[in-house]
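**Q** Sequence:
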Amino acid sequence: MVDGTYANNDRTTSVVVNPRANTSVATPTATIPVGVVSYTVDACGSQGATHSDTRTVSIGGAGGRTVAQVTNNPAATRTVYLLAGRQSGDPGGGPAGLSAAVGGGFSGVFADALTTRPLVIAGGGGGGGSTGGGDTAI
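Numbered by the numbering used here, the letters in the sequence shown go through residues 6 to 143 in order.
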């Protein structure tokens, strides 16, 4: 799916942030308009990277998924900041080891541009290793 804001058939709006398509430096945002009492966030962390060596190929674990209903002050417009995890481990993925691949990055929705006030987080999956696949985030 391509980055953007989409009108749904049920008169709701979806904001999509695809880390493969999102190459800009700026953090994507979504605006919650006046009158909205709550909104639903469906966030998915990135899959961990695949490890391969001369003996094995090990797929990284799936990223976690978090679906949350977030309350909102209906008297004011609110901007939320969206951060999409990448399979390269950005942001927050564990480092690759001697015989393991990098863990997937987390995805989240934040109340501030510095991403220090999380509203919703979905963890990234574990990187594949020489003795088995990465763990799935919960």
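Calculated directly from the structure, the hints in this document are not laboratory data. Computed from a predicted model, the values in this text were never measured in an experiment. Hints may be right or wrong, so weigh each one.
[As the list claims (entries may be wrong)] Pair by pair, the computed Cβ-Cβ distance ranges are:
hint: 1; residue 1: Thr18; residue 2: Val62; range: 20 to 26 Å
hint: 2; residue 1: Asn78; residue 2: Asn13; range: 21 to 27 Å
hint: 3; residue 1: Thr55; residue 2: Arg122; range: 31 to 37 Å
All C-beta atoms, glycine included, are put in the ideal place defined by N, C-alpha and C.
**Q** Hints first: check each against the structure and report whether it holds.
**A** Against the structure, the hints come out as follows:
Checked against the hint of 20 to 26 Å, the pair Thr18 and Val62 fails, with Cβ atoms roughly 41 Å apart. Under the hint 21 to 27 Å, the C-beta atoms of Asn78 and Asn13, about 23 Å apart, fit the expected range. Judged by the Cβ atoms, the range 31 to 37 Å given for Thr55 and Arg122 holds: they are separated by roughly 33 Å.
Comparing the model with each earlier hint shows a violation of hint 1 alone; every other hint is respected.
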